[in-house]
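**Q** Once you have looked at the hints, place chain F on chain R.
These protein sequence lines map, in sequence, to chains R and F. Read left to right, the first sequence gives residues 56 to 175 (our numbering). Read left to right, the second sequence gives residues 6 to 173 (our numbering).
There's no promise every hint is true.
[Said to hold, decoys possible] Pairwise CB distance ranges, derived in the manner of DEER restraints:
hint	chain 1	residue 1	chain 2	residue 2	range
1	R	V82	F	L103	36 to 42 Å
2	F	D126	R	R146	42 to 48 Å
3	F	L14	R	V82	50 to 56 Å
4	R	F113	F	G164	22 to 28 Å
5	R	L75	F	K124	36 to 42 Å
6	F	Q76	R	V71	27 to 33 Å
7	F	V36	R	V82	44 to 50 Å
8	F	R84	R	R156	17 to 23 Å
[Said to hold, decoys possible] Computed list of lysine to any residue pairs in SDA-like fashion (alpha-carbon distance at most 20 Å, straight line):
hint	chain 1	residue 1	chain 2	residue 2
9	F	K147	F	D126
10	F	K139	R	L81
11	F	K139	R	V87
12	F	K139	F	W68
13	F	K147	R	N115
14	F	K79	R	I72
These are computed hints drawn from the structure, not numbers from a lab. From the three backbone atoms N, C-alpha and C, an ideal C-beta is built for every residue, glycine too.
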Amino acid sequence: MTLQETTTVVLAAIGVIFMLISAVGLVRLPDVFSRMHAAGKATTVGVSCLLLGAGVYFWNDNLLLRAVVLIALIFATSPISTSAMARAAYRTGSTRPLHLRVDEMQEETIDPSDVANHTS
Amino acid sequence: MTIRFSLLLNFLAAIVWASLQPVAESQNYVVGFVIGFIVLAVFQPEYGRRVGATVAFVIFLLWSIVVSSIQVAKLILSRSPPLDQGIIAIPLRAETALEIATLATAITLTPGTLSVDVKLDGDGGRTLFVHSLKLGDAEALKRDIQTEFEDRILRFTRGANRKLHLED
Numbered sequence: 056m057t058l059q060e061t062t063t064v065v066l067a068a069i070g071v072i073f074m075l076i077s078a079v080g081l082v083r084l085p086d087v088f089s090r091m092h093a094a095g096k097a098t099t100v101g102v103s104c105l106l107l108g109a110g111v112y113f114w115n116d117n118l119l120l121r122a123v124v125l126i127a128l129i130f131a132t133s134p135i136s137t138s139a140m141a142r143a144a145y146r147t148g149s150t151r152p153l154h155l156r157v158d159e160m161q162e163e164t165i166d167p168s169d170v171a172n173h174t175s
Numbered sequence: 006m007t008i009r010f011s012l013l014l015n016f017l018a019a020i021v022w023a024s025l026q027p028v029a030e031s032q033n034y035v036v037g038f039v040i041g042f043i044v045l046a047v048f049q050p051e052y053g054r055r056v057g058a059t060v061a062f063v064i065f066l067l068w069s070i071v072v073s074s075i076q077v078a079k080l081i082l083s084r085s086p087p088l089d090q091g092i093i094a095i096p097l098r099a100e101t102a103l104e105i106a107t108l109a110t111a112i113t114l115t116p117g118t119l120s121v122d123v124k125l126d127g128d129g130g131r132t133l134f135v136h137s138l139k140l141g142d143a144e145a146l147k148r149d150i151q152t153e154f155e156d157r158i159l160r161f162t163r164g165a166n167r168k169l170h171l172e173d
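Bound-form chain R, shown alone (with noise of 0.2 Å):
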C-alpha cells in the first residue's frame, strides 16, 4: 500500500471505532446527558475522521481543503442542537435527581412546581 492508501485506511478505521464506540455508550450509560455526550463524540470525532479520510484518498482532486471546509462547519453547527437538546431534556426534567450529584442550576432557572407538572 502507497502511504496515501494507508493513512485513508487508518483515519477511516479510526473514525469508524469511534461510531461504534458513540454506539456502545448510547446502549450502556443510564441516563440523557451522559448519552449526549456519546452521541457527540460520533459527530465530532468519527465524522471528522472520515472526511479527512476522503481528503486523503481524493488528494489528487484537491478535495483535502472541502474536507475541512466541512469538518469546521460541522463543527461550528453540530454543538447548537446538542445545546439545545440538553436545555429541553433539563427543562421537562427527566434526569433529575436520580443521576446528578452537583446541580447548580437547580436553583436558578427552574421553578420547582413546574418540573413536577412535566415530570408527572
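**A** Coordinates of chain F only, in the frame set by chain R:
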C-alpha cells in the same frame, strides 16, 4: 484601522491572489491568505497577535477534543462506567454574543463537558451552566474552564491585555 477591517482585507487579498493564478486551485486561497496575513501583520502587529491567538485556540481546542474523546471512550468501555455527573454554574467574563457563543460551542465540542444554558444575571453579567460527565472537583473544573477556555477566547476577541471594556 480596526481588527475587523484588517480581517476583511486579508480575505480580499486571498481572493485577489487566487484569481491571479493561472490554474484555479483551492490551495491558492490558503497561500493568498497566508501572504496577506504576513503583510498585514508587519504593518499592524496587533492584528498578527489576534490571528495568532485564534490559531493557538483552534489548535488547543482540537488537542483537547482528541484527549477527552479518548477519556470518554475509555469510560464507555470500562466494565461499570464510573459516572460522576453534575451541572456547575460558571460566572462569565465574556460579554458579547461572539464570545459567549464561541465559549459554549467549544465546551460542547469537547467530549465530557456540555453547555446547557446561559442565564442573564441581574447586574448584567452572565452565568453559563455546564454539565460534566466526570465531575471530580467542581471548583477545579470551573477554574479549568475559566483559565483554559475563556482566557484563550478573550485573548483573541479583546487582545493580549484582556481589557474588560470592548474596543471598536
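**Q** Which of the listed hints are not met by the structure?
**A** 2, 4, 6, 13
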